[in-house]
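With the hints as extra help, turn the sequences into a complete structure.
Line order of the protein sequences matches chains Z and V.
Note that the working numbering has the first sequence beginning at 258, numbered continuously upward.
Note that the working numbering has the second sequence beginning at 196, numbered continuously upward.
Just so you know, these hints were derived from the structure itself, not from any lab.
These figures come from a predicted structure and were not determined experimentally.
Even glycine gets a Cβ: it sits at the ideal position worked out from N, Cα and C.
Take every hint as true, because none was put in to throw you off.
Here are a few chain V residues that sit away from chain Z, every Cβ distance over 12 Å (derived from the structure):
hint : residue
1    : Leu220
2    : Lys251
3    : Ala263
4    : Gly310
5    : Asn343
6    : Ile345
7    : Asn398
8    : Asn401
9    : Asp405
10   : Glu443
11   : Val477
12   : Met480
13   : Val483
14   : Ile490
15   : Gly570
Here are the simulated DSSO-like cross-link-like pairs (lysine-lysine), alpha carbons at most 30 Å apart as the crow flies:
hint : chain 1 : residue 1 : chain 2 : residue 2
16   : V       : Lys594    : Z       : Lys342
17   : Z       : Lys342    : V       : Lys213
18   : Z       : Lys342    : V       : Lys590
19   : V       : Lys213    : Z       : Lys378
20   : V       : Lys594    : Z       : Lys378
21   : Z       : Lys347    : V       : Lys590
22   : Z       : Lys346    : V       : Lys594
23   : V       : Lys590    : Z       : Lys340
24   : Z       : Lys319    : V       : Lys590
25   : V       : Lys594    : Z       : Lys319
26   : V       : Lys594    : Z       : Lys330
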Amino acid sequence: MSPQDVIIDMKGITKRYGFGDTESYALRDFDLTVKRGEFIMIMGPSGCGKTTLLNIIGLLDKPSLGAYFLNGKEVGRMTEQRKAKVRAKKIGVIFQDFNLISHLSVLDNVVLPMTYAGFTKTHRELQADKVLEKFHLQEKEYYMPYQLSGGQQQRVAIARSLVTNPEIILADEPTGNLDSRSSRIVMEELKEIHSEGNTIIMVTHNPALTVYATRVINMLDGQIDTDIKTVEDDDLPQPVKIHFRQRNVLKEVKEALSGKGEEKEEKK
Amino acid sequence: MALLLRTHYRLARESIRKNRTRSFLTCLGIAVGVASIILIMSLMGSINNVISAQVKSMGADLIVIRPAQHVDAVESVIDGLTASNRYMTSNLTLTDAEVIAGLDSVAGVAPIAAGVATLRAEERTIPTANVIGTSTELARVQNLKLSNGIFLSDKVENSAVIGKALSLELFGTGTEAVGKTFAMGEEKFIVVGLLEETEDPINFNNVDFDNSVFVRADYLKRIGLNYQVQQIDVRAENTGALSKLSEEIGDLLNSAKNGDKNYEILYGDLISHPAGSMFMVVSSMLTVVAGVSLIVGGIGVMNILLVSVAERTREIGIRKAVGASSMNILMQFLFEAMILSVGGGLLGLILGYVIAFLISIVTPFAPFISWQILGVSVGTSVVIGILFGMYPAIKAARKNPIESLRYYR
Numbered sequence: 258m259s260p261q262d263v264i265i266d267m268k269g270i271t272k273r274y275g276f277g278d279t280e281s282y283a284l285r286d287f288d289l290t291v292k293r294g295e296f297i298m299i300m301g302p303s304g305c306g307k308t309t310l311l312n313i314i315g316l317l318d319k320p321s322l323g324a325y326f327l328n329g330k331e332v333g334r335m336t337e338q339r340k341a342k343v344r345a346k347k348i349g350v351i352f353q354d355f356n357l358i359s360h361l362s363v364l365d366n367v368v369l370p371m372t373y374a375g376f377t378k379t380h381r382e383l384q385a386d387k388v389l390e391k392f393h394l395q396e397k398e399y400y401m402p403y404q405l406s407g408g409q410q411q412r413v414a415i416a417r418s419l420v421t422n423p424e425i426i427l428a429d430e431p432t433g434n435l436d437s438r439s440s441r442i443v444m445e446e447l448k449e450i451h452s453e454g455n456t457i458i459m460v461t462h463n464p465a466l467t468v469y470a471t472r473v474i475n476m477l478d479g480q481i482d483t484d485i486k487t488v489e490d491d492d493l494p495q496p497v498k499i500h501f502r503q504r505n506v507l508k509e510v511k512e513a514l515s516g517k518g519e520e521k522e523e524k525k
Numbered sequence: 196m197a198l199l200l201r202t203h204y205r206l207a208r209e210s211i212r213k214n215r216t217r218s219f220l221t222c223l224g225i226a227v228g229v230a231s232i233i234l235i236m237s238l239m240g241s242i243n244n245v246i247s248a249q250v251k252s253m254g255a256d257l258i259v260i261r262p263a264q265h266v267d268a269v270e271s272v273i274d275g276l277t278a279s280n281r282y283m284t285s286n287l288t289l290t291d292a293e294v295i296a297g298l299d300s301v302a303g304v305a306p307i308a309a310g311v312a313t314l315r316a317e318e319r320t321i322p323t324a325n326v327i328g329t330s331t332e333l334a335r336v337q338n339l340k341l342s343n344g345i346f347l348s349d350k351v352e353n354s355a356v357i358g359k360a361l362s363l364e365l366f367g368t369g370t371e372a373v374g375k376t377f378a379m380g381e382e383k384f385i386v387v388g389l390l391e392e393t394e395d396p397i398n399f400n401n402v403d404f405d406n407s408v409f410v411r412a413d414y415l416k417r418i419g420l421n422y423q424v425q426q427i428d429v430r431a432e433n434t435g436a437l438s439k440l441s442e443e444i445g446d447l448l449n450s451a452k453n454g455d456k457n458y459e460i461l462y463g464d465l466i467s468h469p470a471g472s473m474f475m476v477v478s479s480m481l482t483v484v485a486g487v488s489l490i491v492g493g494i495g496v497m498n499i500l501l502v503s504v505a506e507r508t509r510e511i512g513i514r515k516a517v518g519a520s521s522m523n524i525l526m527q528f529l530f531e532a533m534i535l536s537v538g539g540g541l542l543g544l545i546l547g548y549v550i551a552f553l554i555s556i557v558t559p560f561a562p563f564i565s566w567q568i569l570g571v572s573v574g575t576s577v578v579i580g581i582l583f584g585m586y587p588a589i590k591a592a593r594k595n596p597i598e599s600l601r602y603y604r
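This is the structure in structure tokens:
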């Protein structure tokens, strides 16, 4: 495993709430290493720290102790401004209750992260168009969120999380508010995204969904209880992202070649 | 960055459009404040214009000597409010006028010695009439027109000139006052001239010509009237000698009053400057009141924005989660405040001028528009927007995204 394959590296992460008698731990000395292309499902009882973990990974929360390296950069040293930029460009978030902005159209909602990532308006709308097309929502572009079903809303939210081509997608019980049919559609979408090489970290209460995962982590009291990998590291989907922007093909071929070379060396 | 600014502007506009009534009422608060400032400034400007037009029409050969108070601005405002007649403090005398008249290159001198006296005619009595002791020169200096007779006479003993409104009151006629007599103190006066109705109730002499009676200055002493020399108008022989002449007058008065410099010598544009006049006091008071209403409008903006921030807590959470920085959120709400207050400012600008125009129909004021006034109104509303938008915007920017996402309304 080459170092650039590690996308998230957490060491001794502790999140403490309250002081003295009211002190409680959401996360306790938590270590986690995530590789590019993994589809991780995090399970566990309520209050075991799943959501806190997602918030810390998504740079919305700060750990009380410990070090968190995202793409090899320590997050603790980033300014708030920088973190916001990273959130806009590198991290996509999907919530249980969709969290679309109710007074913005589907298109405007999808465009939102790109606005903060600093893309031009034309670029934003072209890209949003393409992503919505992928989710078969193109004809719903100018609908308002309340005109859509729950499943459709969640797919819009997924489209929003993907629009900036992020490296990590964080999903907090994305199927929690959906019926089983919509759930399946959403999970199939996520599966497809994953097969294209995206890293997905998803919190769920539904054990049936673990079939989609390449790694299942059970949490208990802010620590890892069990950590099962169902797919070998080498079999993880190739990190070929959906590219909307014109690519520098030559540069990418070079990178791909050198990347392969390193892997072979490591195997030997 | 410019891209983001445009986005902020668009977001703010959308949010304002969504709450039309609310936003309009907030704008109205600012508009009232700005409108009153515009109104006051435009009226002040028009008063200045009227007076400077008068000064121009009289030619540029005029020097005006006024009593001055060397006190600070606040004190003079208080003085203006408490003293019934601020010229009570004048230390100019009729003797000064006589001495100045003796100077070379002085073509004429008109002192304005104002007092109040009881006038008795055959049938009517006016207990408090304005009496102005002056000289024949005043008619030239102020460009007074007479409908009948002449403006005072050295040949006719106890001659007087009367304003039209006062004539109507005293004699019951606005046309045939010449030749009539009235008593003032122990003396009898004969009217030798009747003034035409003036179109300039505002003038640099600060005299209400329609409601005054004019006699020669030396008569005032004789009838034992209490008077104050509120101004001395001096006409120079030629325009070029103005500054030299004003220096001469300065030296003269300086020695006459032993260096007690309680007067000012003005010529050219300075005459039209109504510093020290009652207008200044009134307008500064009105400006303060308008300022207060602007602050109230600003609080309205702040209030509405705080409501907006509370309503949109969840939206703020979502925006932060998908990558908005605190600065982005701050700017979004600051823009909203700015649009509200600048919109209110523009509305107030229009409102102020409409009111000024309506006033101009019934009064001699002409609405006065200048870049300064436009600048002041737009500038004030921008400042108000930033000042009162800052707190809600900071409050929005500081919201914790995790807690905001949990927020349901």
